[in-house]
Amino acid sequence: SQQGEEDPQALSIQEGENATMNCSYKTSINNLQWYRQNSGRGLVHLILIRSNEREKHSGRLRVTLDTSKKSSSLLITASRAADTASYFCAPGNTGTASKLTFGTGTRLQVTL
Amino acid sequence: ETGVTQTPRHLVMGMTNKKSLKCEQHLGHNAMYWYKQSAKKPLELMFVYSLEERVENNSVPSRFSPECPNSSHLFLHLHTLQPEDSALYLCASSQELGPPSGEQYFGPGTRLTVT
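Top line first, the protein sequences correspond to chains A and B. Take 1 as the starting number for the first sequence in the working numbering and just add one per residue. Take 1 as the starting number for the second sequence in the working numbering and just add one per residue.
Just so you know, these hints were derived from the structure itself, not from any lab. Hints are not guaranteed to be accurate.
Stated by the list, open to error - Straight-line distance between alpha carbons at most 27 Å, and here's what the computed DSS-like set of lysine-lysine pairs gives:
(1) Lys70(A) - Lys41(B)
(2) Lys69(A) - Lys41(B)
(3) Lys26(A) - Lys41(B)
What the hints assert, rightly or not - These stretches of chain B come out as covered by chain A in the derived footprint (C-beta under 8 Å, 3 or more residues):
(4) 11-20
(5) 68-81
Said to hold, decoys possible - Chain A residues, not near chain B, derived (Cβ > 12 Å throughout):
(6) Asn18
(7) Asp83
(8) Thr111
Beta carbons: idealized from backbone N, C-alpha and C, even for Gly.
With these hints in hand, go ahead and build the complete structure from the sequences.
Pasting the structure below:
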C-alpha cells in the first residue's frame with residue numbers, strides 16, 4: 001500500500017476561517033479516506049471519496065479528488081476551536097487488502 | 001460499550017517487564033489491526049488479523065507478540081521492550097479485509113512509556 005503525504009505539516013487559523021489541507025499520493029487508488037486525530041487519541045474517520053467521484057460533502061467538510069494529479073484536498077468551512085486536531089489522508093489502493101497507510105498528517109490549530 | 005475499546009489507557013513499564021495491551025471491538029467486524037504512533041513519525045501498521053488469522057506482520061520485532069483469540073479481541077503482548085518502543089499504540093477494526101479498502105474504526109490508544 002502507499003502512504004499519503006499531507007501538506008502543510010501545520011496550519012494555524014482563527015475561528016470562523018476556512019482551513020484547506022492537501023494530500024498527494026503516487027499510484028492508482030480505489031478510494032481515499034480522511035481521518036481526524038485529537039491529541040493523544042485514536043483516529044476518527046471523516047469521509048471516504050471513491051476514485052470515480054470528484055467532490056464530496058459532509059456537513060462543514062468538503063473533499064475533492066483529482067486522480068489525474070493524484071491529489072485530494074480537505075476543506076473545513078467556518079472552523080471552530082473543536083476542529084483543532086491532526087488530519088490524515090489514507091489512499092486505498094486497488095487490488096489490495098483493507099490496509100491503510102497514513103502519513104504524518106496536518107496539524108490544524110484553530111484559535112479563538 | 002460501543003466501538004473499539006483499549007486497556008490500559010496508560011502504561012509505564014521497565015525494560016524487563018512483561019505486560020499486555022488489550023483491544024476489544026463491539027462492532028461485529030472481521031478484521032483488526034495494531035498500529036504504533038511515535039512522535040513526528042507516520043502511523044506504523046504492525047499487525048493485521050482477519051477472522052482471527054494473522055495476515056500481516058510488518059517486520060515487527062519479536063518482543064511484540066500479538067494474539068487474536070476471537071474476532072472481537074486482540075492482544076499485544078510486550079516483553080523486554082526498549083525505550084524507543086515508547087509510543088501510542090492504536091488498535092483498529094474494519095468490517096472486512098479485502099478490496100476496496102474500507103473505513104477503519106480506531107480505539108483511543110494505549111500510551112506506553114518504557115523506562
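Status of the hints after comparison with the structure:
1. Lys70(A) - Lys41(B): holds, 23 Å
2. Lys69(A) - Lys41(B): holds, 25 Å
3. Lys26(A) - Lys41(B): holds, 19 Å
4. 11-20: violated (count 0)
5. 68-81: Our answer is that it is violated, as 0 residues pass the Cβ test (under 8 Å) against chain A, missing three.
6. Asn18: holds, 25 Å
7. Asp83: holds, 18 Å
8. Thr111: Correct as stated: the minimum Cβ-Cβ distance to chain B is 22 Å, above 12 Å.
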